[in-house]
Amino acid sequence: MRLWRCTVFVAALLPFLWWAWQVAAGQAGPEPGQYLLLNFGQCALILLLLTLSLTPLMKLTRWKGFALIRRQLGLWTFSYGVLHLTSYLLFILGLDFSALGADLQRRPYIIVGFAALVMLLALAVTSNRYSMKRLGKRWKFLHRLVYIALALVLLHFFWVVRADMGQWSAYALAGVVLMLLRIPVISRALGRIRPRHGRVASTHRSR
Amino acid sequence: MLIRTRKRHHIGEHQVTPESVYLARRHFMAGVAGLGMAAALPRSVWASSHYDDVEKGRQPDWLASRLDNTHWQAVTAGENDKLTPFNDASHYNNFFEFGTSKDDPYKHAGDMTTEPWTIEIDGEVARPGTLDVDQLLGEQQLEERIYRLRCVEAWSMVIPWLGVPLSEIIKRAEPTSDAKFVRFQTLVRPEEMPGQRSRFALIDWPYQEGLRMDEAMHPLTILSVGMYGRVLPNQNGAPVRLVVPWKYGFKSIKSIVRISLVKEQPPTAWPTINANEYGFYSNVNPDVDHPRWSQARERRLPNSLFSTNMIDTQMFNGYEDEVASLYKGMDLRTYF
Ligand code: HEM
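Residue numbers (full-length UniProt numbering), protein chains in the order written: chain B, 1 to 207; chain F, 1 to 336.
Just so you know, these hints were derived from the structure itself, not from any lab.
Fair warning: this is a prediction, and the values are worked out from it, not measured in the lab.
Keep in mind that a hint or two might mislead.
[As the list claims (entries may be wrong)] A short list of chain F residues far from chain B (calculated; beta carbon distances all over 10 Å):
no., residue
1, 99
2, 102
3, 190
4, 195
5, 199
6, 280
7, 291
8, 302
9, 330
[To be verified] Only part of the chain B face toward chain F is listed, based on derived beta-carbon distances under 10 Å:
no., residue
10, 31
11, 71
12, 97
13, 161
14, 174
Where is the CB? At the ideal position from N, CA and C, for every residue including glycine.
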């Protein structure tokens with residue numbers, strides 16, 4: 001299981017290393033900052049969707065490994081989100097913070113992205129065992145914010161689409177399916193699809 | 001010619017210059033200074049020494065036969081407008097027929113067949129017709145025009161186009177008095193254009209653009225057939241594209257197959273999708289923001305992680321002296 005977790009860690013780090021390498025090697029085109037911005041944003045969204053697919057996957061397969069990497073993937077989502085924001089501040093705004101203020105006031109897609117990132121931050125700082133214990137029931141409630149964050153990110157992305165909805169539609173469809181799988185009836189049915197011989201008690205917190 | 005030369009002829013002179021080129025350039029400057037000398041340098045002297053590192057591509061006959069008689073540097077850009085490297089100008093494009101990423105056009109446009117190619121000229125003209133590129137250019141001398149290209153996405157480049165004034169082509173077709181606008185259309189060929197095969201495309205193909213008659217007849221407006229002393233790469237709009245340097249880049253429609261003179265203002269691609277964000281005129285204007293970002297400044301490409309290379313955007317992309325009179329009395333916030 002340790003190996004599994006390490007593999008996931010490396011796999012999640014690889015995109016960052018790859019894009020950093022592409023930039024260093026001059027392979028990222030004439031606007032490397034924009035290249036990083038878009039790639040980090042997409043990566044954060046993909047990681048968010050992957051994180052949300054772990055619970056359904058576990059229900060389906062009864063493999064505990066999926067639960068073990070949930071916190072990690074959540075933190076990776078947040079990290080790529082932070083990299084995305086950092087790219088924006090450094091490479092697009094050139095650290096002109098007055099421009100950020102103006103953007104936040106006037107540009108809905110930035111506000112929405114910002115709100116999503118703040119939510120992911122709240123989840124990241126309360127993702128440890130200590131917070132879980134302290135918050136008790138409220139923890140679960142708090143971590144439902146992830147659904148709102150997903151909706152906001154999809155909206156954020158929707159507003160920057162220019163000429164073709166294809167890619168966005170694929171992500172949105174994935175998001176919708178993952179939400180549907182959380183409807184109690186469906187989620188229970190999911191658990192019954194593969195009745196295992198030696199039943200594994202499911203002790204994870206569902207979210 | 002209306003285009004003034006000011007102190008603009010500095011571009012491209014940042015390297016040690018061979019003597020032959022130096023002499024040739026003095027010859028050229030004499031030409032633009034209005035002494036009436038034709039600045040038609042042999043290509044061997046001028047272009048090949050300036051675009052040494054540019055891969056030539058497959059050179060069609062209609063271009064090869066015209067290069068020696070080309071007016072090199074007929075228009076130059078400002079002192080600080082360093083030419084964008086060819087590699088960047090040809091690998092970072094918006095051409096949604098080939099996909100939505102900046103590198104999609106260069107990856108996929110190679111599949112587009114550009115020979116044979118015909119351009120239909122129709123509408124309110126006395127002499128409609130279907131022309132190939134050679135016929136379209138006709139006797140018109142090719143000119144090199146170094147223009148700033150300002151994308152609506154707040155980045156910009158500086159590109160040496162090869163082309164001819166659109167006005168000459170239009171005049172040859174003899175527009176009637178009913179011709180008030182010019183409409184342009186891009187090729188539709190889904191087999192060769194993955195973006196057109198997408199069921200989620202927002203653009204209603206063909207990509208369509210338009211100019212008011214006086215904009216189309218303005219001497220800065222050209223039909224381009226080449227850049228960097230060579231044929232246009234497909235991703236840059238081969239074989240024929242429009243270049244209107246005082247408007248956002250998307251007005252400069254690529255891979256044109258049809259030019260129609262029309263009575264009414266034609267619907268154009270972007271305002272059709274989103275009229276709040278894009279207008280018919282789309283003149284570069286630092287005072288009118290795009291709803292999603294500021295247009296006050298632009299990133300001059302290539303940039304790097306260490307510098308955004310941000311510069312102030314100029315009214316009409318710096319061509320205010322030449323074109324402002326076209327819009328006298330118009331509220332440019334309403335007609336953005
Ligand atoms: C303060 C927070 C944020 C800011 C300032 C921000 C800013 C941006 C900007 C400037 C773009 C590019 C728009 C364009 O020109 O095409 C963008 C695109 C995007 N962002 Fe964000 N963003 C934020 C938060 C997030 C978060 C939290 C996520 C995901 C978890 C995210 C995912 C995306 C995605 C998927 C795209 C589209 C990428 C593409 O077009 O390929 N963003 N964002």
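Query raised in the report: Does the interface hint hold: is residue 97 of chain B within less than 10 Å of chain F, judged Cβ to Cβ?
Result: violated (14 Å)
Query - Minimum beta-carbon distance criterion (10 Å), residue 71 of chain B to chain F - result: Hint on residue 71 of chain B: violated, closest Cβ of chain F at ~31 Å, above 10 Å.
Query raised in the report: When you look at the beta carbon of residue 99 of chain F, is every beta carbon of chain B farther off than 10 Å?
Result: The assertion about residue 99 of chain F is violated, with a minimum of 8 Å to chain B.
Query raised in the report: Was residue 280 of chain F rightly flagged as not at the interface, with every chain B Cβ beyond 10 Å?
Result: holds (18 Å)
**Report entry** residue 199 of chain F and chain B, when compared Cβ to Cβ, separated by more than 10 Å
**Finding:** The claim is violated: residue 199 of chain F sits with its nearest Cβ about 7 Å from chain B, within 10 Å.
**Report entry** 10 Å Cβ clearance of residue 302 of chain F from chain B
**Finding:** violated (4 Å)
Query raised in the report: Looking at residue 330 of chain F again, its CB stays over 10 Å from all of chain B?
Result: holds (25 Å)
Query raised in the report: When the nearest CB of chain F is found for residue 161 of chain B, is that gap smaller than 10 Å?
Result: holds (8 Å)
Query raised in the report: Once the shortest beta carbon distance from residue 174 of chain B to chain F is found, is it less than 10 Å?
Result: violated (15 Å)
Query - Beyond 10 Å from each Cβ of chain B, as asserted for residue 102 of chain F - result: Check fails; 6 Å does not lie beyond 10 Å.
**Report entry** Given as non-interface: residue 291 of chain F, partner chain B, CB spacing beyond 10 Å
**Finding:** violated (7 Å)
Query raised in the report: Any Cβ of chain B at or closer than 10 Å to residue 195 of chain F, or is the non-interface label fine?
Result: violated (7 Å)
The structure does not agree with the numbered hints 1, 2, 4, 5, 7, 8, 11, 12, 14 stated previously, though it agrees with the rest.
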